[in-house]
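If you read the protein sequences in the order shown, they are chains X and R.
Following our numbering, the numbering of the first sequence begins with 1 at its first residue and continues without gaps.
Following our numbering, the numbering of the second sequence begins with 1 at its first residue and continues without gaps.
If you're looking for bench data, these hints aren't it; they were derived computationally from the structure.
None of the hints are false.
Pairs of lysine-lysine residues, derived as DSS-like cross-links and limited to a Cα-Cα distance of at most 25 angstroms, are as follows:
hint	chain 1	residue 1	chain 2	residue 2
1	R	K407	R	K37
2	X	K20	R	K270
3	R	K132	R	K221
4	R	K139	X	K317
5	X	K317	R	K404
6	R	K178	R	K139
7	X	K20	R	K404
8	R	K205	R	K178
9	X	K317	R	K221
10	X	K313	R	K356
11	X	K20	R	K356
12	R	K270	R	K3
13	R	K221	X	K313
14	R	K111	R	K132
15	R	K404	R	K37
Just so you know, these numbers come straight off a predicted model, no measurement behind them.
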Amino acid sequence: MSSQQKLVVAHAPYWHDGSKISTKNYNIMIAALPAVLMGISQYGAPALAVIAFAMAFAMIWEVIWNLILGKPASIGDGSAAVTGMLLGMLMPATAPWWVIALGTFIAIIVGKQIFGGIGFNPLNPPLLALAMLVISFKGVFDFDEALRHYDLGFVMTYPLADLKAFGTGAIGKFSLGDLFMGRQAGAIGSTFGLGLIVGGLYLMLRGHMRWEISLSFLAGVFITALLFNLSDPAKYASPVFHLLTGYTLIAAFFLVPEDSSSPANFIPMLIFGAMAGLGTVLIRNIGAYVDGVPFAILLMNLANPLLDKIRPKAIGKVVENA
Amino acid sequence: MIKRSFLGLVKPRLEYNVVPDPIQELPVPGRVTLLLKEPQNGGGASALKVGDAVKTGQRLAASPDSAEYVIASVTGTMSAMATYVDGYGQKYAAITIDASGQDDWDDEFNKELSLDTALKFFEYAPGNPSFKPFADPEKTIRTIVINGMDQDLLLTANQYVVQNEAAEIKSGVQALKKMTGVDRIVITVPDSLVQQANTTGAEVKTVSPTYPDGLPHMIMKEVVGQVVPGGNTPEDQGVTFINAEAAAALGAAFETGQLRVTKVVTVVGKDGKTTNVRTRIGTPLRDVLQACNVSLNDRDRLVLGGAMRGAATYSEDLPVEPRTDGIVVQDEADSAQTTDYPCINCGECIRICPVKIPVNMLVRFLEARLYEDAAAMYDLHCCIECGLCSYVCVSRIPIFQYIKLGKYELSLIETAEAANE
Chain X
1 MSSQQKLVVA HAPYWHDGSK ISTKNYNIMI AALPAVLMGI SQYGAPALAV IAFAMAFAMI
61 WEVIWNLILG KPASIGDGSA AVTGMLLGML MPATAPWWVI ALGTFIAIIV GKQIFGGIGF
121 NPLNPPLLAL AMLVISFKGV FDFDEALRHY DLGFVMTYPL ADLKAFGTGA IGKFSLGDLF
181 MGRQAGAIGS TFGLGLIVGG LYLMLRGHMR WEISLSFLAG VFITALLFNL SDPAKYASPV
241 FHLLTGYTLI AAFFLVPEDS SSPANFIPML IFGAMAGLGT VLIRNIGAYV DGVPFAILLM
301 NLANPLLDKI RPKAIGKVVE NA
Chain R
1 MIKRSFLGLV KPRLEYNVVP DPIQELPVPG RVTLLLKEPQ NGGGASALKV GDAVKTGQRL
61 AASPDSAEYV IASVTGTMSA MATYVDGYGQ KYAAITIDAS GQDDWDDEFN KELSLDTALK
121 FFEYAPGNPS FKPFADPEKT IRTIVINGMD QDLLLTANQY VVQNEAAEIK SGVQALKKMT
181 GVDRIVITVP DSLVQQANTT GAEVKTVSPT YPDGLPHMIM KEVVGQVVPG GNTPEDQGVT
241 FINAEAAAAL GAAFETGQLR VTKVVTVVGK DGKTTNVRTR IGTPLRDVLQ ACNVSLNDRD
301 RLVLGGAMRG AATYSEDLPV EPRTDGIVVQ DEADSAQTTD YPCINCGECI RICPVKIPVN
361 MLVRFLEARL YEDAAAMYDL HCCIECGLCS YVCVSRIPIF QYIKLGKYEL SLIETAEAAN
421 E
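Next up, chain X with everything else stripped away, as it sits in the complex (with noise of 0.2 angstroms):
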């Protein structure tokens, strides 16, 4: 049986619905921009150059590793492209080149490719990159240190830091409306409340993140809060102040929801955001450092294999031994 025609031939389905890794990773870094945006406004050309450099810092390092290994080039996935600026936004507009260069070679490298590339890590990778970073280098991290020469005409202090130097009373200071329109000193991406909130509600609308982890980190983050606030209103500061303040939404939306760290059955998901927003509280009030967002999502990426077997039984699965 011969043809004129040369047919292609695979394997059904023939249809596919069109979504790509680029199409995700691109949606991802479109949420991202108002946040990026409004740090880019408030802190001029250097938080420009600290997202510049981190993200085509963690692309070189990329294609350099492909390169090494000789494996096919995955810089068009937009993976690097999506690491790099959001450690770019965690970090404050002062950062050293060599801190951002290192901080990304801790991202792509040893977070994600030694592992086997994208959807092998374990950890999510800028918070990894953070994690280390916080711990080796004090001064880059301690914001009021390293925005001690800008003042844009809100309190320039960090209010985490506040909180944990000086209790309740310091923080009266800041208006919960400062905080939430990004009238706050911190890391570049992740203080405009707005603009993180709408792009986190993009990506949950289109189906590029998973919304239960979103929703139940900020809900663990919400009830710990307001547990130790009605405990001690004096000591502890409010749920509301702990969403604003931080890593908190800008880990919501784009952290903890990473895709290949976090689990992706329904009752583990409510289970890994609700948990890393407890510790994250945790480690803000009792614990040793300000804030606690990267230590408790690691800690929680470690717990996800073994959550994500919390899983309903298969329709038809035969149980033995039952």
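On the provided structure of chain X, position chain R as indicated by the hints.
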């Protein structure tokens, strides 16, 4: 092709086409090819020779007592015999018959209402029914489900038959009852065909028009109310499925005394336009496509069956078979391409899986060729093969292909173990 909607929060719903297209009767082709299944252990001495005269409705088998046979769909002369191997390694003898143009009916079929008749003449009926479960002493069939729903998207071949041939289905239902001794016969149709289905004398049940609810395993769960355990078939549960077209073919044969040798096929063109045609079984796909004004270019796809579960084929010379409910032609630009990207654990497949398989874990085991672990821990055998996981995969992993491969490899292992015992 239905793309992801802009708002991706809700999971995509793929709906069956429930408006059967009008039918176009195709002329008798000049040449038909019938695929005669060869037994796994090689064929015996063939009773068929090139040059033999063949009558319409004649039973053609490798030897008189062979269980595998085809029914000639035209009168003419056998002009060629070749071997054809399908995508799963099954060997067939491809028998080509040059049609003489006139139908001269074979008279071996004698309208006797017995299971033997069913086994002897109707296994090659349009719709590809199987009567073997009735003859299997290990199975007790208590219910027959006549599936008036099509199993894949866009296809309406079965629904066309329910809509227009309810009288034949009614005779078919009676014939089935007498031949098999089964009392409970259910017909499953979409809401739009309930009126016609009510006249068939079978118990009418409706099926939701959402894919994959027309698949036998889903009908078992939603309509019959029995979940088929993973790895089992509905027949193990005492239920067998017969397409509406096969039931109609059965009825028509007992009314007219002539076996039905035509098949209703839904042809889906490159623009997604559907047409129903009725053609002789064995008609080359080329003739069908020409009649529907569908042209093929290099690198296009020609799919037998439907878009989700069909099988792409490489030649227009292949014939319409009794099981060919649809022919889908896809332009190269519209063809879904797979990649070798790893799973990124986004969870889309988990949310869409109709039987709640943890596809994200399953595919990791299948990629690593750990088929036995995949079956033991991650429910490989529960899969009902709807293809939705591949359809939504962001990494475009050929998940469905991995699943079929895994099941195939496991079946080889089981066969080898059985042979060693």
